[in-house]
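Enquirer: If you want the building blocks of each chain, they are given just below.
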Amino acid sequence: MTVQVKDTSAATAPNVLFPALKEAFIASLLIVALGLPLLGLKADNQGPDLVLTKRWDLLGIAVAVMFVGRFVLAFLRGQKAARQGGLPQEKKKSGDNSIARLLNQNAKVLGLLGLLCAILMPFVIPDANARYVIFISTTFMIYIMLGWGLNIVVGLAGLLDLGYVAFYAVGAYSYALIATHFGWSFWICLPLAGLFAAFFGVVLGFPVLRLRGDYLAIVTLGFGEIIRVILINWGPVTGGPNGIGGIPAISFFGIEFSRGEGGFASDFGLEYSSMHKIIFLYFVILGMAVLTNLFTQRMRKLPAGRAWEALREDEIACRSLGINPTNIKLSAFALGAMFGGFAGSFFSVRAGFISPESFTFIESAVILAIVVLGGMGSQMGVVMAAALIVLLPETFRQFAEYRMLAFGVAMVLIMVWRPRGLLAFREPTIRLHPKDHQASVKEAA
Amino acid sequence: MLEVRGVHTFYGQIEALKGIDVTVNEGEIVTLIGSNGAGKTTLLMTICGSPRAAKGTITFEGRDITRMPTHHLVGTGIAQSPEGRRIFPRMTVYENLQMGALRTDPKYFKQDLDMVYSLFPRLQERQEQRGGTLSGGEQQMLAIGRALMSRPRLLLLDEPSLGLAPMVVRQIFDVIKEINRRDKMTVFLVEQNAFHALKLAHRAYVMVNGVITLQGSGQELLANPEIRAAYLEGGSH
Ligand SMILES: Nc1ncnc2c1ncn2[C@@H]1O[C@H](COP(=O)(O)OP(=O)(O)O)[C@@H](O)[C@H]1O
Ligand SMILES: [Mg+2]
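Listed in order, the protein sequences are those of chains A and B.
Everything in the first sequence is counted per this note's numbering, starting at 1 for the first residue and increasing by one.
Everything in the second sequence is counted per this note's numbering, starting at 1001 for the first residue and increasing by one.
Note that these hints are calculated values from the structure, not bench results.
Since the structure is predicted, the reported quantities are computational estimates derived from the model, not experimental observations.
Keep in mind that the hints are not guaranteed to be accurate.
[Unchecked claim] Below are the SDA-like pairs computed for lysine to any residue, each with C-alpha atoms no more than 20 Å apart in a straight line:
no.: 1; chain 1: A; residue 1: Lys301; chain 2: B; residue 2: Glu1128
no.: 2; chain 1: A; residue 1: Lys108; chain 2: B; residue 2: Ala1165
no.: 3; chain 1: B; residue 1: Lys1110; chain 2: A; residue 2: Leu302
no.: 4; chain 1: B; residue 1: Lys1110; chain 2: A; residue 2: Pro303
no.: 5; chain 1: B; residue 1: Lys1107; chain 2: A; residue 2: Pro303
no.: 6; chain 1: A; residue 1: Lys301; chain 2: B; residue 2: Leu1102
no.: 7; chain 1: A; residue 1: Lys301; chain 2: B; residue 2: Ala1165
no.: 8; chain 1: A; residue 1: Lys301; chain 2: B; residue 2: Pro1106
no.: 9; chain 1: B; residue 1: Lys1110; chain 2: A; residue 2: Thr429
no.: 10; chain 1: A; residue 1: Lys80; chain 2: B; residue 2: Ala1165
no.: 11; chain 1: A; residue 1: Lys301; chain 2: B; residue 2: Thr1104
no.: 12; chain 1: B; residue 1: Lys1177; chain 2: B; residue 2: Met1115
no.: 13; chain 1: B; residue 1: Lys1110; chain 2: A; residue 2: Pro428
no.: 14; chain 1: A; residue 1: Lys301; chain 2: B; residue 2: Asp1021
no.: 15; chain 1: B; residue 1: Lys1107; chain 2: A; residue 2: Ile430
no.: 16; chain 1: B; residue 1: Lys1110; chain 2: A; residue 2: Ile430
no.: 17; chain 1: B; residue 1: Lys1177; chain 2: B; residue 2: Ala1165
The whole structure should be built from the sequences, with the hints applied where relevant.
Expert: See the structure below:
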């Protein structure tokens, strides 16, 4: 049967055509069902009355696009599968992986290039956009930190954590409380907030040590909510739903970014600009992100970090090799939480105001999406995914209400295109002498 | 070296081991044969501490290890190649071997790696390949190699021949013989492939439904008509 399919392209054509048509038809039906209320009918207020506008043309376009798109996709896929005989899936994956592999192998170069761009960026952007661009870039960095933190827990150690926002919140609130109550500087509050979050990581990690998969996910989901509910209800300390305001802004190692005598600008003989503070914060968080990255890279090569990945793959084998799963899991929780805490501190210090509203489940979901989209465990993937998730909705801003729609479509497309994440290929922690290796492979062949 | 005395192990209400006595002396290859579900894996896992023995004692070099946490065992000099190999599929061969050496002094790493590669040249050829993409035989070699990286004095092997082609089985059993002869490695080998195991082993035990029913030298059991009827007839040659 497969032989026949392989033989001639003439024989394959009807085989491929019909299923593709069928698939396209089903997809179109789905669009009709979905699109009828969403696109086809529109309710408008005209004075006191609600008027129903019918927009069949729009629905028609959507259906046509879906039909053609789905058909082409299915047809091409079918042809490819037929050409490759019985193994379409395997082939496809390895083919796709080559891009990921290329990106991953050049991660260092790409990373340095990216870093260079990030460093130069504040100096080259036109002033008109500067504030906005740097604001978004700082947000981007915060999400990269969050992504890298959660990546340790989910991507490396394989512990599905749906309540990661808890540590983000703990970091943000610890920072806010310490800074407002004690008036300590940023450089003291930041590590303290990180330590606090790490401590919470361990505390929340203990009860879930024996859980995994779905159960772990549900319990951590609960933790995320518990922390938020505590923040709302523990009014005297956390300010309840009103949150905490008046968080001191970042200073240049003790020198305030203020106008006039003794401020950063006058001390350095510059003209005062409110941008200085924003740019400085941007550079601090950039530096922190670089440190985080280097640290994680290093950890992956050390026994403890290596054990995270091993634990994700096989807990029983780990035990027999002398790894204590308890310690390893807790260290992953702690470290992941610490990065979350750092990110939270940056969030606090930038906004100057925090409230429980910023730490809802949707944040956890977005951070998890970054990790999954990036391809579980890939640092580079996290950056790319964070760029998509933070920057994409921004670029679609002019489309107003269609923004989230475009965002959703983009997410679906990515998952269709790369079901295992953008950079799903795991880069070995060690490259052995590539030349020797190639030689030995040749010999063996 | 290893003494298992009157060990009972339960899975919930089910008694999987019903009073097992097994001794492994230094320098020996001892095999435990038995059909599927006899409790062989359970015994190996009980030695490693999960599940725990409900009754009885297990001592290794005079030290009671009955209640020792599994992850401390490797420090006492026992290494295991578990049932189903359990290599790390996403890690490379080299990284898998590194994982085996996690609890040993790094100064031995190079030397041990060379030793493993000399036993299994295949692993060296594939050292950058991911574990999950190896063939069954190569995965078994990796599992044994990884166990050896912890410099054990006692090696526990659970069905290394499972699902492998006869030629690969022979190759792996040759290596087991070699490390026993050359490095004086003590080996406790659990097998269903009774023919090869009995030929290789100095002594052997037969387990049926959680009980040891027979023991003796490998040659004795190989000649035993009961054993021949139960385990050897039909294609293991
Ligand atoms: N995790 C488990 N839970 C419950 N019963 C088990 C478990 N593992 C093994 N058993 C049972 O214990 C008995 C012995 O199994 P096992 O030690 O795996 O046998 P063998 O390795 O000799 O094939 C079998 O009856 C099996 O069904
Ligand atoms: Mg078994």
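Enquirer: Each hint should be assessed against the structure and marked as holding or not.
Expert: How the hints compare with the structure:
no. : hint                  : verdict
1   : A:Lys301 x B:Glu1128  : holds, 15 Å
2   : A:Lys108 x B:Ala1165  : violated, 43 Å
3   : B:Lys1110 x A:Leu302  : holds, 17 Å
4   : B:Lys1110 x A:Pro303  : holds, 16 Å
5   : B:Lys1107 x A:Pro303  : holds, 15 Å
6   : A:Lys301 x B:Leu1102  : holds, 12 Å
7   : A:Lys301 x B:Ala1165  : violated, 36 Å
8   : A:Lys301 x B:Pro1106  : holds, 14 Å
9   : B:Lys1110 x A:Thr429  : holds, 17 Å
10  : A:Lys80 x B:Ala1165   : violated, 34 Å
11  : A:Lys301 x B:Thr1104  : holds, 16 Å
12  : B:Lys1177 x B:Met1115 : holds, 15 Å
13  : B:Lys1110 x A:Pro428  : holds, 19 Å
14  : A:Lys301 x B:Asp1021  : violated, 43 Å
15  : B:Lys1107 x A:Ile430  : holds, 18 Å
16  : B:Lys1110 x A:Ile430  : holds, 15 Å
17  : B:Lys1177 x B:Ala1165 : holds, 18 Å
Violation of the numbered hints given earlier is confined to hints 2, 7, 10 and 14; the remaining hints are satisfied by the structure.
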